[in-house]
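J.: In case you want the letters, here they are:
Number of protein chains: 2
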Amino acid sequence: MDTVAVPVEDVPDVFSPSCPSRLVVERLGDKWTLLVLMALRPGVLRFGELRDKIGAVTPKVLTQTLRSLERDGIVTRTVYAEVPPRVEYTLTDLGRSLLEPVDAIRAWCEIHGDRIAAAREASTV
Amino acid sequence: MDTVAVPVEDVPDVFSPSCPSRLVVERLGDKWTLLVLMALRPGVLRFGELRDKIGAVTPKVLTQTLRSLERDGIVTRTVYAEVPPRVEYTLTDLGRSLLEPVDAIRAWCEIHGDRIAAAREASTV
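As given, the protein sequences belong to chains W and D, one line each in that order.
Quick note on numbering: the numbering used here labels position 25 of the first sequence as 26, and the sequence is numbered without any gaps.
Quick note on numbering: the numbering used here labels position 73 of the second sequence as 74, and the sequence is numbered without any gaps.
Any given hint could turn out to be false.
[To be verified] Covered stretches of chain W (in silico footprint by chain D; criterion: 3 or more residues with CB under 8 Å from a CB of chain D, positions within the stretch not fixed):
#1 20 to 30
#2 40 to 46
#3 61 to 74
#4 82 to 91
#5 94 to 102
#6 114 to 123
[Claimed, not checked] Chain W residues, not near chain D, derived (Cβ > 10 Å throughout):
#7 Asp3
#8 Thr4
#9 Val5
#10 Ala6
#11 Gly49
#12 Thr79
I should point out that these hints are in silico values taken from the structure, not numbers from a laboratory.
Every residue, glycine too, gets a C-beta built ideally from N, C-alpha and C.
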């Protein structure tokens, strides 16, 4: 395997405070981000559809979450000049490249949900 | 493929508000959870080591995060009767089964960190 010597500080590491990857982990660890990514898997959704699908989230917080994801190049927001204006959200190519790990997270949650609910119930912590 | 008919409400779905898997996605979307899982990948860590590795998190919030993960059966806390008491954290078998998707998330963040930082910088949103 060919290798190249690079300064240690140039190797991406989520545990390095100045590494851009750290910002990304924090974005994914944002309360609604994973659910937004999962909700947009099948394709395009309007704001109201996204909100109905996710449930529980307030419009204000959902808007903030979507804006952050748009800013990071993960979600595209398209406004159609209709009356009333139609606003649609979809994943960018970069966002879609996150789907593989996000799908794996979702599958894990769906497989182990019952077990974790039982652990939580039985816990004395 | 053999299949069995089950009521729709019994099929795990993170978008069903009453599904246990939903609680799990919300736990993973807790600000520090992904970083704690990543930090505990190599093995056992004491509280102070975990805090140093993660950085930025307050002791109070890290304690809450660890307690939630312990309650969910994802992390084990072991107290050794020494003076001062030694407290160590490690992933349970269930927690370790999350490492594959979490590793994939981490790799994605480390690969795309620069691109996302650039998108954020250039964004007018």
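J.: Against this structure, judge whether each hint is valid.
T.: Quick rundown of the hints versus the structure:
Coverage of the stretch 20 to 30 of chain W by chain D holds. Counting CB-CB distances below 8 Å, 11 residues qualify, and the rule asks for three or more. With 1 residues having a Cβ less than 8 Å from any Cβ of chain D, the stretch 40 to 46 of chain W misses the three-residue criterion, and the hint is violated. Look at the stretch 61 to 74 of chain W against chain D: 5 of its residues bring a Cβ nearer than 8 Å to a Cβ of that chain, three or more, so the hint holds. For the stretch 82 to 91 of chain W, the assignment as covered by chain D is violated, since 0 residues bring a beta-carbon within under 8 Å of that chain's beta-carbons and 3 are needed.
With a cut-off of 8 Å between beta carbons, the stretch 94 to 102 of chain W has 5 residues touching chain D; three or more are needed, and the interface restraint holds. Under the rule that three or more residues need a Cβ within less than 8 Å of chain D, the assignment of the stretch 114 to 123 of chain W holds, with 7 such residues. At roughly 19 Å, the least C-beta separation between W:Asp3 and chain D is larger than 10 Å, which holds for a residue marked as non-interface. At the 10 Å boundary, the C-beta of W:Thr4 stays outside the reach of chain D, the nearest C-beta of that chain being 17 Å off.
Residue-level check passed: W:Val5 sits 17 Å from the nearest beta carbon of chain D, beyond 10 Å. Separation of W:Ala6 from chain D is adequate, the least Cβ-Cβ distance of about 19 Å exceeding the 10 Å criterion. Against the 10 Å criterion, W:Gly49 stays outside the reach of chain D, whose nearest CB is about 15 Å from its own CB. Remark: the non-interface label on W:Thr79 is consistent with the geometry, its nearest Cβ contact in chain D lying 13 Å away (cut-off 10 Å).
Comparing the model with each numbered hint stated earlier shows that hints 2 and 4 do not hold.
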